[in-house]
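Participant: Fit chain P to the known structure of chain H by using the hints.
So the chains spell out like this:
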Amino acid sequence: MCPKAKLLVLIVALLVVALLAGCPKPAEQVDEGAGQIHPEGPQLEPTGDPIKIGAIFSVTGPSAPLGEPEKLTAEMLAEQINSAGGVLGRPVEVIVKDDKSEPTEAALAAKDLINTEKVVAIIGPSTTPTTMAIVDICEQANIPLISCAAGAPITNPVKKWVFAVPQTDIIAVAKIIDYLKAKKITKVASIYVSNGYGESGQKQIEEQLPAAGIELVTSESFGGEDTDMTAQVTRIKGKNPEAVICWGTNPGPATVARNMQTLGLDVPLLQSHGVANAKFIELAGDAANGVMLPAGRLIVESEIAADDKQKEVLSRYATDYTAKSGKPVDTFGGHAFDAFHILCDAIAAAGNTEAAAVRDAIEATKEFVGTAGIFTYTPEDHNGLTKDAFVWVKIVDGKWKLAEDEINS
Amino acid sequence: MPLQEQIAQFLATGVTEGCVYALVALGFTIIFNSTGIVNFAQGEFVMVGAMLGVTFSGLGLPLPLVVLLSTLGAALVAVGLERLAIRPLRDAPILILIFVTIAASLAFGGSAKLIWGPNAIPMEPFSGGTPIRVAGAAIRPQDLWIVGMSIVAVTLLQLFFKHTLTGRAMRAAASNRIAARLVGINTSTMAMIGFALSGAISGLAGVVFAPNKFASYSMGTPLAVKGFCGAILGGLGNGIGAVVGGIVLGVLENLAAGLVSSNYKDAITLVVMLLVLFVRPTGLLGKKDTGRGL
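Heads up: the protein sequence lines correspond to chains H and P, in order. Position 322 of the first sequence, counting from 1, maps to 322 under our numbering, and the rest follow consecutively. One rule links them: number in our numbering = place in the second sequence (from 1) + 1000.
So here's chain H without its partners, still in its complex pose:
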């Protein structure tokens, strides 16, 4: 081979390697929908065209700890529902797209799902920035969206076609204020990630804290890719707050916990429900102990009282999920659970797969018992949850513990 040809081959080979490495495994992109999975129970075989449900999750990238359990849950539920006869007697096919934690990828995925796959509705995306990127797309295409992200801007102001299942930061901050008042804490510092999720939480903190008579002594931010917040935590320490509120999703908040421990800033660290998964404890290590946050009941499922209205759903999902994945149950997977069931119930209630009818049926959801709480959507409220959807949890010896009593002690 002459040197030039060799050179060409090499460049091509390199490009191919780069492309291969840059792209997700095909298995993550194409549908792994349950339409192909044969239901085990022979009694109620769903027939006819599958009902296509789109799902966009951050299966890879920084938000992968959120997207992975969500994808797994959606696939598991499709399997379950099909073996129980499907919806409207038709099988359900979930088409999962990976947005790689990127808003632009989420937008592309949404367009693809709507225009090419012709889905009935979309569940996900996993995070506030990726959700905000597709809100307008769904609004314009008149496709119902049930988001798995918690940022307030998703459902506030209300958008006709957009719903959300996680507890929003509006009620999370309200729950935190309960704690601060109970502990008679009046000086608080906040630190947040500079993206849609963090800024939305920060906005709630800025609005709700002063109204409750609590002084916000300083607010710091950090970038999603930042790996050291010593400078910010030092500034916070200089203002002598009595508690620190951190608003972000991993890994940033774990670094904040570690930096606070290093700098000896020994005040309560209140995190948002954005870190309510095992990854936070793994990353923060020893520094995770003592961290408190308002979270859904799912991560402390085993400690929830038997007479709690959500107990049955929580246990069922926890058992199924662990059996399927071999991993402990996860808040974010729970969001996919809620979104999937609300949507399937709505399709069943609507009696057809017309987008407008499904949307109306979602909005009419009443007292749906999910993993995050008990949902009642109204035309004015597309989140459907109240403060009661939260319980206080605390990390003790590297484990989540129910800490509702702490607030009263």
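These are calculated hints, taken from the structure and not from any lab test. Hints may contain errors.
[To be verified] Below are the DMTMM-like pairs computed for lysine to aspartate or glutamate, each with C-alpha atoms no more than 20 Å apart in a straight line:
(1) Lys1113(P) <-> Glu225(H)
(2) Lys279(H) <-> Glu1124(P)
(3) Lys183(H) <-> Glu242(H)
In this text, all values refer to a predicted model and were calculated from it rather than measured experimentally.
Facilitator: Same frame as chain H, now just chain P:
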């Protein structure tokens, strides 16, 4: 916490982060001097070092071995890049070679994602996590490791370039490749040694830094950007300049985040860097003719 203690803290953190930027900047410089290429895959060597560090320490290997193997591993990856991608293209224009390093950077990042998964991975500190207090600043034992290892690495490199035949041959090749060839220096071998050293120093940065940060497949690119800024700040091609530039960048970043606002952390750093370049286009320590070499 009084202001002077806060400033002490910003300086301490800044110097620690700066050391890592400095090692990456030095890695850029060595490759730039031995081949004329700006290697955009430089940050990936740091990532490889960190990932190997996490893996080896997870296997329970003793610490010196973990550091050694991770450093060697990154050096090997760098040599592999040189042998398989840069050397076959040695007659191609520099611009093509720079593109190749960008492709390599994507390939390394993507492969790491397949091997180690998409999540950040924590690593145990080398000698505990109890911080030491100096002038009110909390310094982690790991910070001392980072600074210490950086000093050792830079000193060893300095000795190598000044006092060994190979080192001097590398400087000669950097200063004038054709003349070096005329006196019998194998410039192609020098380029390979350059990649090896550059990979090793970045890999070392990765493994000592991993316990402070988390190791993740995507950590390379931001570090490459910071390291490149450091190298430019000090004067591209000047080894000492790269070290100074990296540390100045780290300190500047932390002072900006701490004293001005964390919202503008990156912006302030870049603005200062631009200003330096407007006033002194050759960088802080750059002369018209940098003389190359360390």
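Participant: Confirm or reject each hint.
Facilitator: Quick rundown of the hints versus the structure:
1. Lys1113(P) <-> Glu225(H): holds (16 Å)
2. Lys279(H) <-> Glu1124(P): Cα-Cα ~16 Å, so holds.
3. Lys183(H) <-> Glu242(H): holds (10 Å)
Of the numbered hints stated above, none is contradicted by the structure.
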